[in-house]
Amino acid sequence: MKITIASGKGGTGKTTVSSNLTSYLASLKKQIVLVDLDVEEPNSALFLNTKLVHSKVSNKMIPQWDATDCTLCGRCEEVCNFNAILQLPEEIRVFPELCHSCYACSELCPTSSLPMVPTQIGIINEYKNELFSMVEGRLDLGQEMAIPLIAQTIEYADEKFPDYMKIYDAPPGTSCPVIEASRYSDFVILITEATPFGLNDLTLAVETMKVLNQKVGVIINRYGIGDDGVEKYCQAENIPIITKIQNDKEVAKLYSNGELIYDKIEHFKNSLDEIIAFIGGLK
Amino acid sequence: MREVVVISGKGGTGKTSLSASFAYLARQDAVVCDCDVDAANMHLLLDANFKEQSDFYSGEIAVIDPQLCTNCGECFDVCRFDAITKETNFHVVDPISCEGCHYCSRICPDDAIEMVTQKAGDIFISDIKNGARMVHAKLGFGAENSGKLVAKVKSVAKELALKEDKKYVITDGSPGIGCPVISSLSGANLVLLVTEATVSGLHDLKRVHALTKTFNLKVVCIINKYDLNRKITNQIREYLSSEKVQLLASLAYDENFTKALSVAKPIVEFDENCEIAKQIKLSWKNIKNILKDI
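As they're listed, the protein sequences go chains W and P.
Counting in the numbering used here, the first sequence runs from 57 upward without gaps.
Counting in the numbering used here, the second sequence runs from 42 upward without gaps.
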């Protein structure tokens, strides 16, 4: 089973829930792996006391100009829909950050003058502690496109841990990176807080998941502050509220220090139990 | 006209609360700009009225005409995005996977594939509660190109600021370090990094700061929830001083912050005499002074 933990708004507790949930399930002898897909700012590993066991460069393929047989016919520039190729009077220039790796320029070039070559966009790290493994994608600074790295991180985890349950820690927002982190899962858990901000962004996330035909459930974090807007919305939309995690400064303190929470705070553990019971009921 | 962009790396550090507070304090001197287009919510704090709307078109997707398709499969062979699947008598494109590269439509021997421009979102210009104006957007569900939408929102805000002879553009950026963030940073005169005293706050601050360095941008910082973890706060301060980044303020953990959100008010409006509000006012004064000298 693959479960994505996502949220519209950032800072609602995705990483807190996914790292604690994975640790707790692993302590209950579940075969599980945590996959950090927030490749722009991956920080699950900070909470898990893990050791790095393997690193792999993540590449995307980009065209590289080979002047030898090029006749400067202009076909490459013409077929590139992303303005990633510029034909100058005496050379072809490629802008790697704009390239979507569609191969059109390379394969439609009559003289094969734009072979595709790998270029690094990030790294995939595999970590381990006594109980379980985790995999993260980490985008290189200045790289704009997170999608290929997210896809490769998912693939890495699938190949390395084929039969394990997977928890995907998704990036915030509702655009392409979140979609990539959610579309192959069996279920999406959206974490929100009971404020107008939380509700606004939850609504956006729910609508996005509808486009993907994904089933969703909601966790309300920092419950006790704010209002009942989120609960009313979930009721009206018929979205299950999986658990409500109490607002508690002690949780924030433990989190600030990079510590796990479920083994120290009872109400938080109870919330995880509710999540596990809910997941257990999914078909 | 000078632009300050507020970003954070990590989400939920208080970026939007601070941006909205500055917007509130700047009154008619500023145009406000929400670049967190895929989870835009600053409008809630500023009573935006969605006065003018325009469509934002960006990117294309391939559409196969089943009448013309002979099911040869050449499109399937060239698509690198697994966007094309074979049905019994023809092929179809999955609009979510399609990158809009045009490759399939160029090589289709039956001319059965058309590229259709997509509406990627809406752009709004609103009046807001302090008499200023705000430019914001809503990305279409499942749409791509949030970076391009960010660029558009920024350019609309800047045009408006120039036209109305405003002193400032205050831009709320998005979390992360990828394409929307890079778009938000372009052309900024000053970047305000908002972080929090947590291990992830520090980790994400370093990454997003490194990103601003690659663009040679002038940077200042505010630490939120500094008293949540004083050890981390000290580490953040050490990092900032070693990087010569000016620290404008350290704000205490205060549930007023969230209470203000709940009633949809910037904290400086919610309780203008509380300690946090005072510090935010001082920070805004500092930012104005820094912008003057740039």
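Treat the hints with care, as some may be off.
[As the list claims (entries may be wrong)] Listed next, with one range per pair, are the computed distances between beta-carbon atoms:
1. E115/P with G280/W: 55 to 65 Å
2. E263/W with S227/P: 49 to 59 Å
3. E215/W with F256/P: 56 to 66 Å
4. E155/P with N105/W: 37 to 47 Å
5. K325/W with K300/P: 39 to 49 Å
6. D123/P with L338/W: 33 to 43 Å
7. N257/P with P145/W: 22 to 32 Å
8. K300/P with E330/W: 34 to 44 Å
The set of hints was computed from the structure by calculation and includes no laboratory data.
Beta carbons: idealized from backbone N, C-alpha and C, even for Gly.
Hint check:
1. Separation of E115/P from G280/W is about 59 Å and conforms to the stated range, judged on CB atoms against 55 to 65 Å.
2. Taken as a hint, the range 49 to 59 Å is violated for the pair E263/W and S227/P, whose Cβ atoms sit roughly 29 Å apart.
3. The given range of 56 to 66 Å is broken by E215/W and F256/P, whose C-beta atoms sit roughly 36 Å from each other.
4. Take E155/P and N105/W: their Cβ atoms lie about 54 Å apart, and the range 37 to 47 Å is violated.
5. K325/W and K300/P have their C-beta atoms about 28 Å apart, which leaves the hinted 39 to 49 Å range violated.
6. D123/P and L338/W have their C-beta atoms about 26 Å apart, which leaves the hinted 33 to 43 Å range violated.
7. For the hinted restraint 22 to 32 Å between N257/P and P145/W, the CB-CB distance of approximately 30 Å keeps it satisfied.
8. For the pair K300/P and E330/W, the beta carbons lie near 27 Å from each other, so the given range of 34 to 44 Å is not met.
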